[in-house]
Amino acid sequence: MTEQLDAGLVARRIAESDQVGEPRNPAEGREVGRARRRREDARLITGRTRWTDNIQFPGMLHVAFLRSPMAHARLTRVDVSAALAMPGVVAAFSGRDFDGEQGSLPCAWPVSEDVVIPDHPPMAVDRVRYVGEAVACVVATDRYKAADALEAIEADYEPLEAVLDMTEALADGAPAVHEAGNQAFTWKFSGGDAGAAFRDAPVVIDRTYVQQRLIPTAMEPRAVVAAPEGEGFTLYSATQIPHILRVMLALTTGIPEHLLRVVAPDVGGGFGSKLQVTAEEVLGLLLARRLGRPVKWTESRSEGNLTVHHGRDQIQRISLAAERDGRIRGVRVDLLADMGAYLMLVTPGVPLLGAFMYNGIYKMDAYDFTCTGVFTTKMPTDAYRGAGRPEATFAIERAVDELAAELDLDPVEVRRRNWISREEFPYTTVAGLTYDSGDYEAATERALALLGYDKLRAEQADRRERRDPVQLGIGVSTYTEMCGLAPSRVLGSLSYGAGGWEHATVRLLPTGKVEVVTGTSPHGQGHETSWSQIAADALGVPFEDVSVLHGDTAVSPRGMDTYGSRSLVVGGVAVLAACEKVKEKAKRLAAHLLEAADDDIEFADGVFRVRGTGLGGAGRTVQELALAAFAAHDLPDGFEPRLDADATFDPENFSFPHGTHLCAVEVDTETGTVAIRSYVAVDDVGRVVNPLIVEGQVHGGIAQGIGQALFEEAVYDPEGNLLTTTMADYLIPSAADLPDFVTDRTETPATSNPLGVKGVGEAGTIASTPAVVNAVVDALRPYGVHDVPMPCTPERVWRVLARSGASADRAGAVRRDENDGGAQ
Amino acid sequence: MPRVTVTVDGVAYEEEVEPRLLLVHFLRDRLGRTGTPVGCDTGNCGSCTVMLDGRSAKSCSVLAVQADGSDVVTVEGLASGGELHPMQRAFHEEHALQCGYCTPGMIMAAIDLLRDDPDPSEEAVRQGLKGNLCRCTGYCTIVRAVRRGARAMSGEPPGETAGETAGETAGETAGETAGEPVGEGVAAP
Ligand code: FES
Ligand code: FES
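Those protein sequences? They're chains A and B, same order as listed. In terms of my numbering, the first sequence is residues 11 to 834. In terms of my numbering, the second sequence is residues 351 to 539.
Accuracy of the hints is not assured; some may be wrong.
[To be verified] One-sided and incomplete, this derived list gives chain A residues near chain B with beta-carbon spacing under 8 Å: (1) 51; (2) 59; (3) 205; (4) 208; (5) 277; (6) 279; (7) 310; (8) 646; (9) 702; (10) 734; (11) 737; (12) 745; (13) 746.
Derived from the structure by calculation, the hints contain no laboratory data. Idealized CB from N, CA, C, for every residue including glycine.
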């Protein structure tokens, strides 16, 4: 037998070997800015992780769902009796069995007056509206037996016409997904006078782009364990939002909130897909209540591809009016957004998160935005990494490239002529947002240098000249995003159902160790490490002396969870604020013990001293004060015997990370194959707490954005069956599909929070999709190509080229364009 | 029901199993060895990778009965005597994991890759790991980790920091990309 692992020993060894790396700037503190290796890793690299599917309880039962094979049908009969006779089956239910109990899955973002929020039963009762909708369930003693018994359930359907195309869905006489019709809402927004901007505009670019439907594909499939506990229930779920989920489940199921505990154990990625209140969570709780036993459900990947909410799926018409020198006058956007069959937690809000971003980093006088949400008989869409902002950035960055091509200008130069220059911050945009800080010049200069832009342009010209069948394309993407989902007041004005604050508790324990309780709910982001760094600096204690608790409503009762690049910008700042409050209390205690006035105490390096006494002067360490507070032998009058504090942070403004991403691709014009040759990203995410984690977020985001550009698409057939149900059909990038990314940063601190941080979770995804597609189109411009629909697969590229007549007349096409290419 | 005898991470087990039971479910549900997760149902993701008699295998694509008489090593059995396996350490040191769901499989596949190519190039690592999917990292740090692990396993000092590794692989125009602060000249005024 091999020696068994001592997890504590391993963690200690890891900690010892991690004593590397100098602090970034000693004046700023010892920890913040340092490339700390993550404390989370110890359990993850040794297989001691607590995934939801790992949970076993005595007497636990397993749930399996029968799902609709029809996109749209009347459900006329469901008979579970034969399933009940199967071995190991304890119970089986249809939707009718939950009538009056199951409620409706919530939509927390009623975006407009005209919004239609249809009833959305967790289990279908008499109608199904997408393939995969649950129609019955089996509860059995193990997962294999539960799956077997599904086959014994009889369900009858009367087919109705599937509704798959948004334009057709809005046409008169289209089959109705819901009684109220197929239009979910309309939403309009404008700034300035778009009519004037477009009237007599010297140049108008008018394009339509399709944001294909995506499947988020977190590597951990969803899993739910619901267990009766005491008077109430505990729900374990692979979720990003334990706090929001608890409130929503209480409202949906009627289980009183105080008798419901929600735990997000270790969660294997989310990317928005676990920002949801799901049918399986609600039904899991109802089953645990009905059967009085713990139940578990773990989805298979193919079940997940069908029923985890999808992302994107918009048709974007964007028009851009400009002067002949390339200056943009205004932008108009008309958006169709596919809601799928129902409105889930924030479904209708997703396109709105993009509504303020179609002007990008550019100055213009007018902006006009219209969005129509459309019901179809497909899986509902909802937040997916970036949520609305990648779509907006794609459209404006593609359109600006088209403007450059139209005017025969270098795409970087067109951007330069339009972007907000560094002296102009803070800048209030045509969409009404105030960008607090940024330096687009610095990020762009650095990116151009890292890529070797001029050299690549020269090579491109050469390849065009040589009529090389493998053409080189260079794609530019400059982006900003409204980030750190926060200002509660602003969210309220957009009809969002909750606030955007975040909460933290910081406790000094009697031995001087520190517990940080956070309302954020990490699922790969490394909050345990970053929050420890923030607290260690603020309190002057060693990093190792801090622990971070999260993801359990019994431990962390208040929070708004993790999505929208908000955790550091709101939650990390709340940790800092709580530390400051603890320090204020500690200072009072120190003054009392040192017999000095509060104002005469200063704090440095973890010690409170009487001002002016220098390092040798009498002082009390944080640890001594923690013990003194605990002992409570000698406290100031009215001083509670504890050194801890709660804080919430609710910023006044969003934060605005930005950056410049450049991508060079080689496109084989004979096969349509696209190969990324180099990728450079220079991001400005404000001040950086942990450069390792920031780099990792950027890398992962870029990979996901490239996935949309080149590989990924959820495909439904004409009957509304999802064809991409497996990882063999829905292709997320593998290591062999991607290059090494070159990343760098500029740093202009955010002014909306005391840490100066801006958020980084979504930046890479927002920037990379247009960078890649711009590169592909750039490679093919000599062939008269102005667009390649996503994903730019070899087949699509080949078809676009074939349609452009490239194969027949390649030489001519290249010759025609010699003067166009390589504009510097 | 068939009876299987397997050694898992050095512990011998003898169990009766249904013929259809997948090895990964046998490990997770029957033996409580939950360090090896499941990410798909088509053998595409590699999350479930273990060592079966010394070579990597996707344990979702093997029946428990097929493993009869075998020696199985999972990520839980890699460390010994309180010391991490060099590949585990390398994944930590290069920040080659975020959510960590792909990590057990990725580490096992990486160790197997090195048996055939003890000093793989970046390209060899990328090709060698294409059966293991990660949605979080974008793979750059995984590639660095595997190469770092390879050096450690061949007895070379790990030598470079993460930043230097990046500089080396990103070509002449690359700046430092990790592990170190960006140079003064880069920061915005
Ligand atoms: S679980 Fe995906 S390959 Fe085994
Ligand atoms: S670290 Fe999350 S899937 Fe690889």
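These are the hints, each one checked on the structure:
{"no.": "1", "hint": "51", "in the structure": "holds (4 Å)"}
{"no.": "2", "hint": "59", "in the structure": "holds (6 Å)"}
{"no.": "3", "hint": "205", "in the structure": "violated (38 Å)"}
{"no.": "4", "hint": "208", "in the structure": "violated (35 Å)"}
{"no.": "5", "hint": "277", "in the structure": "holds (7 Å)"}
{"no.": "6", "hint": "279", "in the structure": "holds (4 Å)"}
{"no.": "7", "hint": "310", "in the structure": "holds (4 Å)"}
{"no.": "8", "hint": "646", "in the structure": "violated (42 Å)"}
{"no.": "9", "hint": "702", "in the structure": "holds (4 Å)"}
{"no.": "10", "hint": "734", "in the structure": "violated (12 Å)"}
{"no.": "11", "hint": "737", "in the structure": "holds (4 Å)"}
{"no.": "12", "hint": "745", "in the structure": "holds (4 Å)"}
{"no.": "13", "hint": "746", "in the structure": "holds (4 Å)"}
Against the hints set out earlier in the document, violations occur for numbers 3, 4, 8, 10.
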